[in-house]
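Undergrad: What follows is the residue order along each chain.
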Amino acid sequence: MRFNTLSIKKSNDLIFGYSPKPVTTRRGLIIGGGIVYPELNFTLPTMSINDSTLTNITNQYKEIVNGALERALQLEAPGLIFEFETLLEMTQNPQIAIGLVKVMNDVCEEYYVKHGLKSEIRLTPNDLREFERPPKQRTSELLDLMIEVFEGGLNAGGDLLSIESTGGKEVSDDALMNCNIKQLIFALSVLGVRDMKMLWRKMVDICLKKGKIPAGDTACGFGNTAMVLAEKKYIPKVFAAVVRIVTVVRTLVCIEEGAVGPDKDCGYEGVYLKAITGIPISMEGKTSACAHLSPVGNIAGACADLWSNESVQNIKLLSGMAPTAYYEQLEYDTRLMNEAIKEGSASILNLQRLMVNSDIYHDPQALVLAPDVVIQVAGEIVKGKNYIDASIRGALKGLDIIEEAVNSDKLKLEDREVIWIDSLRSEIETIPTDESKFVEETIAEIGTTKFIPAEYGL
Amino acid sequence: MRFNTLSIKKSNDLIFGYSPKPVTTRRGLIIGGGIVYPELNFTLPTMSINDSTLTNITNQYKEIVNGALERALQLEAPGLIFEFETLLEMTQNPQIAIGLVKVMNDVCEEYYVKHGLKSEIRLTPNDLREFERPPKQRTSELLDLMIEVFEGGLNAGGDLLSIESTGGKEVSDDALMNCNIKQLIFALSVLGVRDMKMLWRKMVDICLKKGKIPAGDTACGFGNTAMVLAEKKYIPKVFAAVVRIVTVVRTLVCIEEGAVGPDKDCGYEGVYLKAITGIPISMEGKTSACAHLSPVGNIAGACADLWSNESVQNIKLLSGMAPTAYYEQLEYDTRLMNEAIKEGSASILNLQRLMVNSDIYHDPQALVLAPDVVIQVAGEIVKGKNYIDASIRGALKGLDIIEEAVNSDKLKLEDREVIWIDSLRSEIETIPTDESKFVEETIAEIGTTKFIPAEYGL
Amino acid sequence: MSDLLEKLMNCVELGKINKVSSFPPSLKGQDGADELCKMALEEGIKPQVILNEALIPGMSKIGEKFSQGRAFVPEMLISAKAMTAAMKHLKPFFTSGEIKRKGTFVIGTVFGDLHDIGKNIVAMTIEGSGWEVIDLGVDVKPEKFVETIEKYPDCVVGLSALLTTTMANMEVIVKEIKNKYPDKLILVGGAPLSQEFCNKIGASFYSPDPQGAVEFLKKVAA
Amino acid sequence: MSDLLEKLMNCVELGKINKVSSFPPSLKGQDGADELCKMALEEGIKPQVILNEALIPGMSKIGEKFSQGRAFVPEMLISAKAMTAAMKHLKPFFTSGEIKRKGTFVIGTVFGDLHDIGKNIVAMTIEGSGWEVIDLGVDVKPEKFVETIEKYPDCVVGLSALLTTTMANMEVIVKEIKNKYPDKLILVGGAPLSQEFCNKIGASFYSPDPQGAVEFLKKVAA
Ligand code: B12
Ligand code: B12
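Heads up: the sequence lines are chains C, A, E and R, in that order.
Per numbering that gives the first Met the number 0, the first sequence starts with residue 0, numbered consecutively.
Per numbering that gives the first Met the number 0, the second sequence starts with residue 0, numbered consecutively.
Per numbering that gives the first Met the number 0, the third sequence starts with residue 0, numbered consecutively.
Per numbering that gives the first Met the number 0, the fourth sequence starts with residue 0, numbered consecutively.
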């Protein structure tokens, strides 16, 4: 592990709008430099993607960007990011993805030239490799298509490159449903970490060659899957909170490999990455209720540098198209934060305290996002002698903090939740920190039909 | 005019969550008593209302209430209000409206009994009279249908009664498009005021008889119509700001007649009513972007006792049904305010200042909602010797404040906006404060084909 | 273009109705659309030329400004008044058939729906582009549309709706019209509508704004 | 009910697989579903009775708790494991035809879509209610469904989709199935779906949750 101290050491320095290592985009947005910008996410309404619908699709993406930028102009906004997360067919046919980036970037450029309005496209191709089961993380031809989209999309005007990579998901899916924390940690801190190293080395290289920004990854398929399942009461919240902590270690790897932020939304590990590495981050909270409900509506914003809605279909609301409406909501959310920033650090901490107190004791998943908890848990993580050890330390520390909150009666949990604290702890304590031993043990347990060790260099 | 002093005299006392005269609902929500509650608004997706769709419609309303209450439970919410604004066919067929209130109230009751979760239904029948042109405000048989819905809906479980009454709208529609401020003031402070007196006397009587809460009215069809037109750049924002002030005088009448609040959303005059009369109010801001865009996303919340989304169709978002998602957003917005309330008045004023500064100098419509501006303008309004005089005073004071903000370079307006300040002022100055004279002048100008004087007791 | 026609066009664009009208302040005391149109006729300029080269271009200039967000509705309304003042002089030539409008456009807000602000703007814009507009008002039943089409068999029809519940009424109206007039062109608009919905109910064209309707009608008339 | 069957039912509900399994702690050291089922057969209780009065009720109890939000998925999974341990002993009687399942349910996530968590829960719940479940996995093409139906002509089919873009693929699959098997019952589900969409694509039944599917299948089997 490259990082063994925290970049931000005091929770008072872990705030929204500022990060120790701000990132400047091509059109001059300084992310983490004292302004929180909206990051608008959007997707298609119910429809097929094929040749006959391509014109329609292109128009829709164009209109989405147009609609948001027009509104941004009216609201006198300082700037915004568009995240373009490709859908399956767009990555399978790179020309589609690349064409859409171009169309959207042209609109961004037009508003920039005409009105000085700064916006950028974050390009997030989806990880195709999970389509093969067991997936061939390294040898799959699907990887070539992804790289074609990375390169072509950046050439076409994307400025930030991201992905929600899925190494280890073939193991984590079952682990989540069974609440098997050992297998989950294996999925993330062995398989996930190894895949991230391989993939992000490539992505960072491409960005460096093109002068673009290798932004960051997110363990959405792990952490947010757990959260959505917990919201539905399918798995314990305590478990989901621990999963969130374990995702940190995995996602950290992209920064070790050269990603510089802003880290992606769709997960909440960003706040840990910010504490550990100092990069700026994108977070999502209440205004992503269009995409999923969550127990972290306000607290998720406590340290955000970008503020996202995760995803909304391009459908009509009474006011107009949903992406425009959601852009407006994000803009007002960030205006509030930016007013506090204008007033200085006391005001930032005042607003942050409200955001934190709003959610902290309603759910253990909120608790582990509180800045002082993040500093404590992140402090444990960086002590890890390897990724597994780091995960174990973080998870145990998180459980201690949750337990303390329960014992002091601040956090009220049902009994059927509370019993998971102990049982997770004792499970975690049996995990060997030695990687090859852990691999051996796990293969003995789940075999190698689900995942192919060689595809992870094992 | 009954009110000739302000109930709240200092802008520091004009805050969210507290009003001098809190209102307690049947199930024990204390509105204006130290907690800001969400007020969820919703409507049907694209569909017809007829016998064949009635079961479907009933199920939809039931599911909306169920979905929000289930989520409220999960979020450990202190309570919420549902506003049921009837659609045309529901008021034309009172049994439909009444049946829907019953279905929804049953769900509210179930959650109250089972879980202690407090919720209430605000019943807002739509004003049918505008369907006849020129409308017969007093003699129309449509009034009987409305009264049937008032009475039946309250019997069926509605606890708060409201309406967006439309007296004077037949004149204001053209006045808005022509930006004719004289006719607009005539529509509101002559016709509107007279109609409100007649209608609200009836509504208050019904509520008193049934032990229900006569909540309040809103000049949505005037003020928000102007705002939506201004957002589209169809009319000047300066004009829309002045219209907003003039709506205050009209809506005040419902309180003179006995309405006690919480005043309705869908307009922003509530904050003035709170300052003048001390009643609690419902406001809408950024989280009503589903219903209309606005320049007042944060500032609208500065003095809210209920926080509303105005309206959202019952359609699917990625997370689930839109009303549930919007409920969640409202809940997090109010949590933030309620955290500040828990910390005490300094914290309330800190958060309020951010909300205000966020918007105040982006648009004159925001400016006139700032608490200190409200206190100044409301102070002028209550000096009025009659409703017309009050409107004139308020409008002129508002123009002065806008002008000052422009001159001091705080508020930046295009030239084509600025010229309206003077031209509106000189138009307003020609208005006679004597009602009969004003009536005479206006009839000479627009005739009596559009409106029937007798229907306003003229 | 003759100096006179250019002046007339300006009067329409700026909303100068006649000599005594005080708006716009910059043209105070000068001749307005009323006087200039009369003069143009007296100078022997063909009515069709006056219409096509001064009045319609004047309105279309303000219409364009409006659709770019650089003019307010009241400015458009006053331009429309100036145009009306000029048209008064052309009326006899319409009656005699010497000049023709581009076509007839019948518009109304569908039954159950009272929203008419948007519809009025559309009506005004289309009128300004040289079409005769028959405005049926709000809450208009299918029969009323059918009756009106009987009177103006070559008309194009426009429907407006602002409520998600009255959108469905559009379908009823389209059906009843197409029943009798299968080829009738029907434009639809209003905030909750979409292209998809237009296709679904079998209407001919959807536009989110008046400008789109004008463009479409241009093609129809050509 | 015999004491033995009641104990067996409890083991399924609580997820007690066999004597050595440590879960749930409260039943440590006691017989589990494995042992109890064997005993029941040895005591001469009819396999069909064991299935209908112990195993299915045990699963349906945990299923109910789950659908009321009072049990977690891992608890349901462990119940399913306990049931499987018991079923092992009943297998010969299925082969011989002495006992029967309620029917066969073929389920899969439609092509283009990899989301399977919801589908798996549905599969498990339906299995627990006494149906044989053939799980085709994710990213399933129409042909695969058609082939499988050929093998199990009386089956009911279930389709799952989680993406607004793959919902459309459901329509393709429904069409291809109905082409060959016009009367085939097809259930659809997944977060973005709605009753309306189900109607539109001509599927037989939509349920937002597994419980709804179980209820529907009950009626089918009855
Ligand atoms: C003004 C207004 C009113 C006014 C109408 C005044 C009038 N004379 O029109 C009043 C107050 C009367 C009113 C009443 C009601 N309203 Co209203 N109203 C609005 C509001 C605020 C603005 C609409 C508007 O004028 N926009 C400006 C115009 C210029 O835009 P436009 O209409 O979209 O038109 C443009 C385009 O669409 C297009 N276009 C329009 N028509 C056509 C036609 C053709 C052929 C073409 C090509 C183009 C085209 O060009 C126009 C110009 O650019 C909207 C809010 C909103 N966000 O839109 C609610 C809104 C439409 N109303 C709403 C509701 C619910 C109602 C009521 C039912 C409320 C009630 N319970 O009483 C009643 C309904 C009465 C009835 N049966 O019609 C809801 C609709 C919700 C739903 N389920 O659909 C809205 C969305 C408000 C909300 N957010 O909840 N309303
Ligand atoms: C987990 C998840 C993933 C995991 C999937 C893991 C897995 N093995 O399934 C991973 C990370 C792989 C993933 C990938 C992607 N995902 Co995803 N994902 C989710 C997430 C967070 C939760 C889904 C879930 O499991 N819910 C819990 C289960 C239990 O609920 P359920 O599936 O709805 O099932 C229940 C009911 O619907 C019903 N049911 C389900 N099926 C059936 C069938 C029948 C017959 C019946 C009767 C009932 C029924 O019963 C179930 C139990 O109650 C959702 C977010 C959300 N809000 O839902 C996004 C979400 C669905 N994903 C989304 C997207 C965009 C993607 C990607 C395209 C991202 C990308 N760009 O790479 C890829 C797509 C890959 C692909 N082609 O499928 C979007 C979809 C947006 C859209 N346009 O539709 C969502 C909504 C996230 C978002 N807010 O943007 N995702």
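There could be a bad hint or two in this list.
If you want the ones that stay clear, here's a sample from chain C, every Cβ over 12 angstroms from chain R, calculated [to be verified]:
no., residue
1, 86
2, 108
3, 112
4, 131
5, 165
6, 172
7, 209
8, 233
9, 340
10, 444
In the DSSO-like style, the derived pairs of lysine-lysine whose C-alpha atoms are separated by at most 27 angstroms in a straight line are [as the list claims (entries may be wrong)]:
no., chain 1, residue 1, chain 2, residue 2
11, E, 143, A, 135
12, E, 218, A, 449
13, R, 140, C, 232
14, A, 411, C, 341
Stretch by stretch, here's where chain C covers chain R in the computed footprint (C-beta under 8 angstroms, at least three residues) [to be verified]:
no., region
15, 3-16
16, 95-103
17, 113-122
Don't read these hints as lab results, they were simulated from the structure.
No residue lacks a Cβ here, since even glycine has one placed at the ideal position from N, Cα and C.
Undergrad: Look at each hint and say if it fits the structure.
TA: Now the hints, each set against the structure:
1. 86: violated (6 angstroms)
2. 108: Non-interface label on residue 108 of chain C holds, nearest chain R Cβ at 28 angstroms vs cutoff 12 angstroms.
3. 112: Non-interface label stands for residue 112 of chain C: nearest chain R Cβ at 33 angstroms, farther than 12 angstroms.
4. 131: violated (9 angstroms)
5. 165: violated (9 angstroms)
6. 172: Nearest chain R Cβ is 7 angstroms from residue 172 of chain C, so the label is violated.
7. 209: holds (29 angstroms)
8. 233: violated (5 angstroms)
9. 340: At roughly 37 angstroms from the nearest Cβ of chain R, residue 340 of chain C sits farther out than 12 angstroms, so the non-interface label holds.
10. 444: holds (15 angstroms)
11. E/143 x A/135: holds (23 angstroms)
12. E/218 x A/449: Judged against 27 angstroms, a Cα distance of about 37 angstroms means the pair is violated.
13. R/140 x C/232: At roughly 32 angstroms apart (the allowed maximum being 27 angstroms), residue 232 of chain C and residue 140 of chain R break the hint.
14. A/411 x C/341: holds (19 angstroms)
15. 3-16: violated (count 0)
16. 95-103: violated (count 0)
17. 113-122: Check passed, 5 qualifying residues.
Of the numbered hints listed earlier, those contradicted by the structure are 1, 4, 5, 6, 8, 12, 13, 15, 16.
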